[in-house]
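Residue strings, one per chain:
Protein chains: 2
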Amino acid sequence: MRRLKATISYDGTLFAGYQVQPGERTVQLELENVLTKMHKGEKVKVTASGRTDARVHATGQVIHFDTTLAIPVERYKKALNVQLPRDIRVLEVEEMDNGFHARYSVSGKRYRYIWSCEEEQSPFRRHYAVEANGLKPDVAKMEEAAQYIIGTHDFTCFCAANTSVVDKVRTVHSLSFSWHGEELHMVIEGNGFLYNMVRIIAGTIWEVGIGKREAKEMKEIIASMDRGRAGKTAPAHGLYLEKVFY
Amino acid sequence: MRRLKATISYDGTLFAGYQVQPGERTVQLELENVLTKMHKGEKVKVTASGRTDARVHATGQVIHFDTTLAIPVERYKKALNVQLPRDIRVLEVEEMDNGFHARYSVSGKRYRYIWSCEEEQSPFRRHYAVEANGLKPDVAKMEEAAQYIIGTHDFTCFCAANTSVVDKVRTVHSLSFSWHGEELHMVIEGNGFLYNMVRIIAGTIWEVGIGKREAKEMKEIIASMDRGRAGKTAPAHGLYLEKVFY
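Chains as they are written, first to last, in UniProt numbering: chain G, 1 to 246; chain C, 1 to 246.
If you are wondering where the hints come from, they were derived from the structure by calculation, not from laboratory data. Hints are supplied without guarantee of correctness; some may be wrong.
[Unchecked claim] DSS-like mimics (lysine-lysine), calculated; alpha carbons at most 30 Å apart, straight line:
#	chain 1	residue 1	chain 2	residue 2
1	G	136	C	243
2	C	212	C	168
3	G	232	G	216
4	G	243	C	136
Build the full structure now, drawing on both the sequences and the hints.
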């Protein structure tokens, strides 16, 4: 048995998320179907760095699986891509020692969130960036708000209320903004993220950008440990899992 | 009655083309539905510069229609976009005199054709560029082939065989190539294009790029006036109607 690590990209538009759910088309299901077929029906389990929700994209999700096939690692990528649907692509396959685990070995992640700020969003971007309805955010204020988020905090305020995780302390290493034409990108890196954390941060910091909140409120919101104090969860289709660090 | 000209963009992925066809979702149908609703049920006919096929995109299609509504021209764009599906966007609305006709007044068009030449096409580009399957074309050869196409010719060889148009003489003003990252763009401008002409040119010139044909064959192909001598019709989803000239 060899343990393989694969870096994959997917367009989340037509998936009910990463994780297998009965009756739904998911990324995990498509990966396991192809691998199981390649292994002549022997069920292959795929483990990811973490799940992503419906319509969330990935440009650098990481998975691992164990294989009994003799396919050389450098040919595995092609072998998978030939059979996978076109909205999932394998970018790289590496052989790891058996101690590697796509989820437990994670040391950090990077996400990107994209807003379209042109007057009318291009029809080609409707699944890939969130329309700002012509609003032009004040990025300096969003950067000011980001300073309260960077660091080690209990992020209960930015976590979906229905989560079972007990320890909600995480470290955000960086949180920055950049314009790409008329699209605003937020890039956030940290040692781990709670359920919906990036989308709630995006939703809250956006409200700062458009003048609905003051940047300094961020401090009180974090201290409150109250999800109700933070802003809306920003839409799923603006979010990209970009890199997983090990 | 005022005659309005609108410049529109659409993502062709989920359309059975521009023109109304019974039982199909088309761009014209969506436009006429919204306009007819705005006109309280009075049927509004929309005329485009020409049709586009299923899955072909537009970043600068032009339409005209006549309206009895008192909406100021500068508000018409918003009024339409609020009701249109998100894969069609109105970019501009202008008031014209009644002599303007979106189709008969056309003096030329510009199309773009896009190939993805990275080793594996990004899942985000699968509907928007044609995968080159890792082939790297020789663009200098494609540029050489383009020189035979530029000019005024009978383009029967590059016209779908089932067309009823009699005069197949057209003028191609320019035909050029440029790299955008790992995507190759072909931009073609002319006074008019026959049915499937851009896609057949793209398919034929691509075969020159990947070494399946010589650039100089282009001269014989055009002289032959034989569709069978030209290459394959390139896939629809790589094609964009970019600008209509009046």
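Hints versus structure:
With a C-alpha separation of about 28 Å, the suggested pairing of residue 136 (chain G) with residue 243 (chain C) holds against the 30 Å cut-off. For the hint linking residue 212 (chain C) to residue 168 (chain C), the alpha-carbon distance of about 27 Å falls within 30 Å, and the restraint holds. Simply put, residue 232 (chain G) and residue 216 (chain G) have alpha-carbon atoms about 18 Å apart, close enough for the 30 Å limit, and the pair holds. Note on residue 243 (chain G) and residue 136 (chain C): the hinted pairing holds, with a Cα-Cα distance of about 28 Å set against a maximum of 30 Å.
In summary, this structure violates none of the numbered hints.
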